[in-house]
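J.: Residue-level listing of the chains:
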Amino acid sequence: MGENSPKRYWKSLEELEPGFDAPHDEFPEPLDGPVTQFDRRGFLKAAGFTVAAATLVGCGRAPVEKAIPFLVQPETTVPGRAYFYASTCAACSAGCGLLVKNRDGRPIKLEGCPEHPSSRGGLCAVGQAALLGLYDSLRLRQPLAGGKPSTWEEVDREILAKLTTLRSSGGAVRFLSGTITSPTTRALLERFLKQFPDARHVVYDPLSSSAILDAHEQTHGVRALPRFRFDRAVVIAGFDADFLGTWISPVEFTSGYRAGRALEANPPRLSYHVQFEPRMSLTGTKADRRWRVAPDEIGIALTHLAARVAKLAGAAFSVAGLAASPVPAAFLDELAQRLWEARGRSLVICGSQDIAAQVLANFLNHLLGNYGATVDLERPSYQRQGNDRDLQTLLGELESGRVAALFIAGVNPVYELPGGSKLAYVLKQASLVVSFAERLDEASSLAHYVCPDHHFLESWGDAEATSGTVSLFQPALQPLGKTRAMVESLAAWSGKPQPAYDILREHWQANIFPRQHRERSFEAFWDRSVHDGYAEVEPRREQGKTFRFNAVRPILSSARTSAGAFALVLYPKVGMLDGRHAQNAWLQELPDPVTKVTWDNYACLSPAAAARLGVKEGDVVRLEAGPGNAVLELPVYLQPGQQDGVVAVALGYGRQGTERFTKVAPRWIWARPGVGENSLVGVNAAPLLELAGGCLRYTRSEVRLTKTGATRALAATQKHHSLTVPQNIPLLGGERRDMVRETTWPTFLRNLAEAKHAAPAAQEDLWPADHAFPVHKWGMAVDLNACTGCSACVIACQAENNIPVVGKDEVRRQREMHWMRIDRYYSGSDDLDVVHQPMFCCQCDNAPCETVCPVLATVHSDEGLNQQVYNRCVGTRYCANNCPYKVRRFNWFDYARDDRLQNLALNPDLSVRSRGVMEKCTFCVQRIQEAKIEARRQGKEMADGAIQTACQQSCPAQAILFGDLNDPKSRLSQALRSPRNFRVLAEFNFRPAVGYLTLVRNRAEDQKEKHNG
Amino acid sequence: MADLPVVLRPSLIEGNKSLAQVTRDVCGGLEGKPTPLWWAGFLISFSVLIVGIAAVTYEILTGVGTWGVNRTVGWAVPITCFVFWIGIGHAGTLISAILYLLRQRWRTSVNRSAEAMTIFAVICAGIFPVVHLGRPWLAYWLFPYPNTRGTLWVNFRSPLVWDAFAIGTYFTISLLFWYLGLIPDLATVRDVARPGPRQRFAALFSLGWNGSARTWQRYEVVYLLLAGLATPLVVSVHTIVSWDFATAVIPGWHSTIFPPYFVAGAIFSGLAMVLTLMLIARKTMRLEQYITIRHVEVMCKLVIATSGMVALAYATEYFTALYSANPYELFAFLNRARGPFAWTYWTMVSCNVLVPQLLWSKRLRTNTLVVFVISILINVGMWFERFVIIVTSLHRDYLPSSWSTYSPTPIELATLAGSFGLFFTCFLLFVRFLPVIAIAEVKGVLKDGWLKPEARRPVPWVREPAGAEVLTYKSAAEGVQQ
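From first to last, the protein sequence lines stand for chains A and B.
For the first sequence, the residue numbers in the numbering used here are 1 to 1013.
For the second sequence, the residue numbers in the numbering used here are 1014 to 1495.
It is possible that part of the hints are untrue.
Said to hold, decoys possible - Here's a subset of chain A near chain B, in silico, CB distances under 10 Å, partners left out: (1) 217; (2) 259; (3) 311; (4) 596; (5) 704; (6) 717; (7) 724; (8) 852; (9) 857; (10) 877; (11) 885.
What the hints assert, rightly or not - Residues of chain B placed beyond 10 Å of chain A at every Cβ, according to the derived structure: (12) 1033; (13) 1046; (14) 1075; (15) 1088; (16) 1118; (17) 1146; (18) 1218; (19) 1223; (20) 1307; (21) 1373; (22) 1412.
Stated by the list, open to error - Partner residues aside, some chain A positions facing chain B, computed with beta carbon under 10 Å: (23) 668; (24) 853; (25) 882; (26) 891; (27) 982.
Everything labelled a hint here was simulated from the structure, so no lab data went into it.
Every value quoted in this text rests on a predicted model; they were computed, and no experiment measured them.
C-beta: ideal position from N, C-alpha, C; glycine also.
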């Protein structure tokens, strides 16, 4: 090439013309080498690799983060598995046996201990709700000195210094407490008080039974509370004693009462129960005969009865000048006869705080030979040991400034005693006031030192509620705050600081162990007792003297309430009792078993009395009890079955601290504040109590009511109270609905005899069954005869199933969330009959809810359960509309827990339902699953009774029975074969899996028979 | 041929309009500025709509608890509104489809607005089932769509699923039907409108309509087919809505009379609403010559007929309750008339049974003010009919322990008002932007009544001049030429 070629091709201007000045470095990077490391292919390869690698990495499992970082796993603890610890309930003084269900180191449910000799597996609503109290963030977390947070060292130092000066100066030391059933605490307290020259332990009960003890002192020479044995009684005459609801030991009494009314037994038993009372109590609702008697006439009625029984017994009892009986004489004759026929198996009890009336009750029991049989004075009860006379003395001392140091434990005198405001003033003057309260309340906020006690679930302890049965407390979790057991505080101040565990063990070794003969070694005895939660030991026998007839005086007349005035009855409500659990949202929202009202107290008036006053339900009345007494303003509640001249008001409301519940309701623009005036829940009625004649009295006469014109809507969960439809609707009057069946004892016996011969009618259906139940078919039986309406099941269900609290406003809007409710119906007018019907999802086989759900969020399982799939539910509420039993509950809002600490009480086996989702009773499906898994793990058939639903477990009356309908031998199948079995709304063929057993009243076949449906 | 009986009627359209005049009258309204009356109506409706939107937003954010519903009464005002609006929607399809098939030519003046009303009413109705859900963001779960949740499907036994289908179908057909009827008119608008967005909009949606005989022929076939398809829907939609109640076990709901009863009630309420709207439109849009007193009268007669059907249903319910001897059923009905919600029941009976009887009088039914008031009362009565069915049946059902009461919260009432706001906002926008009278169809009946008998082609089974059809084709062309 080159020069020879005819044409020269130039490639650039420089080549053509070397002088041409082309711009240098036009391309700064060398153009000849590889331009970049990445060519297109390379890029694709790299990108492909990166994407693929990233994808692969993304697909890998995330590093496992252990939710429960047990570095060293505690022995015998498996995360996620529930353990049960036996303990004792201290929510009241009854000391029922507990099984504390612990999950991952925290209690999540309290159950009754089935072996416990007095409670026998039941646990009342208050006991169930104690769990929520444990996780109350308002409980004190450390001691307070002068209202300021302090440390134990500092508090101990200061208190010890003051005690030392007291010891030398001889100032009066008073220890004011409620009944202490713990032998260890009592012993330690004795030791503590011995240090001082002038020291005394004063015991009072806000719900006092002091008159019973005083009466026994008069008649038997021993100040003791006998143990009432309802299980042995076949005729029970109750005089204003709400023994199934709130009186002394309701769980034990309910269990005993139930044992005396066992219709499933062979032969069936049914005790005869007569109740005389001024207001409608829970016990009154169960009575076979109930008489409305004004509070001041209880004594007269007792005298009339005593006169008749004395005549039968041939005892001298002069009743000359006796006022007319409030109860027809013929009835009293009959009752006296029945009591007399059941000598030694009858029981007369009286809840009055009038010693004379209690003496008469003792007289009756003595005449009937009940002492040693149904009234056990040898093995007495150690509950309600309060002595109101002592209390009166102490209050006098306090007023005169004689008391140098006052210790307050377990009571709240400023709140629950009459003249509390005066007491508050007096307390401010005392030189040393120490409170052991768990939280700041009316009294502890006045104390110089607050040394908060543990919650009973956090501490060691014991209780001897009835002589011979000593129960043990064991801690179920580490204390949540820096609290200290009262015994430790007392030990520290007695100069011998010791942990509660050691104190308890030492006391047991020295005092309890010798009272038993079963175990040889203390270690074995201790271990067994801790395992069982109680120990049966030799009772401390009380040596009752012979009956002193000269103590008995008839009550001939009473100061009658003048015309236009009312007699006031102050009563404890199931759940709220004396107000000690007023900070418990579950209990505040628990519908009262009789009135069905939540979140309030109110003035109960009979409909006739209300008509006379011209007031309707919800009208606020002013309640005046004469000059110098507190004036209460309360909404009226119309209570059928109440004596016309009586106004009844519940205690336990208006507690300091209940203003927290203003926050409990969902917040939205038209939400109305959840609580009453002063932001407190209800009104404190305790200022109207009377401490007179050595007794704290719950009744008083001469109370005047005036209408204020204001209204306060009550939050009731039930608005219509009768099975009869309203009179103004049907054309031909009184149509009664057949939801509840009841019969009389003679009819029942006849039916039972007939049923033995009749073959059970096979149920035939026109259509083939929709569902097959190859293995299990779960069902339930509810014995209406056993059910007392005590509502333990309602709270048990709430605790088990994470049911939220919705607040007063939402209840008022009829949006309570309880899965389990107890329907209460009245029938008759004057001679009122009451039935309680627990109602919850009946798990119908032909469930109306299932067909209408558009998204299949509620479906039938092959074990007969009507399942609700929360995360599929879109919330059409069609199912709730179509539920004939109206048991479905909708999450109208996100129900935020007002107290985040209380989330610890949630059951991890269940979800917490979100807003917009329907929920309802599941038959405790989590328990069913657990039992099934356990049975499979052990390779066994599931035993009948292996599953107990929460409601069934808690029921003190064993009214609820869960089981497998596929197993003809199961207890459930047997129970449902009873002629008493009926299904609610059976005629519609919903085929509910819940059978109800007819209520039987022990009375002759009378006109009420027509209600048999 | 000449001796066949021929009925001469007064003209359906008054004022001896020419075809061009019709176009001018209808399209002219769209071109000019809105009247102050329109602005007033629009602003009020829109404000109410905003209130409703606020209420619904708040409700969705906070929870259904902001309503007055409770554990016993799970459905109340919102579902009442749902059934009410679905009912309103019925008259549109009735007038456009059934009356079309029955060759009721008077319908041409009102069918467009009736169809529009149907669309808007169904939109209003459709909102309620969604917002009343606990979790409205999951409303799509009511539809059976292929999903990744395994075999999870909807419950085909649930009337709510049927509802979703029925309303979906109804809405689709109604929308198509309405749109199809609009096409020739949109073409007219396209041709007469000033250049601008409106003209472009009309051009786009008239789908290249050219008014040729072939286009007309196809249009007529499709219209007829759609009318045939829509007719069963008139019956089916409210039948299915009634099954929401009839298949339930609640006394007062569980009743086989519900489907015909609901359909009759729906048509009744829809006719009343059409009357209300017609009377408003003819006054505010100055369409008295198109929507004549004769139209009002015909509608009134239909109202009397359907009112009678509704009254019969009310009576039958009581008879069935008595005859069945089911105490729960009987109680449910007596409770309606004598219970706490008796005032709603008697409002319903007065408005739906007693008040329409006034229309028997010719003097009253030709007085537009009287008819307007009556139509409003019927709307009120029909709203209460649904309220009575839903709330009074639920609030006292089987177990007396769970009996309850119900009162709506302001949020609920705002939602109710908001649905009216939405409806009237939509309707007012419609009369503003689309031809409120079916121009092409009116042109078809323009010459009715004054054509000479010999110019007619009598059809033995329809005593109506069918030659109008021929004129229809021409009229559109004429309209275009104007």
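J.: To test your reading of the hints: which numbers does this structure violate?
T.: 1, 2, 3, 5, 14, 15, 17, 22, 27
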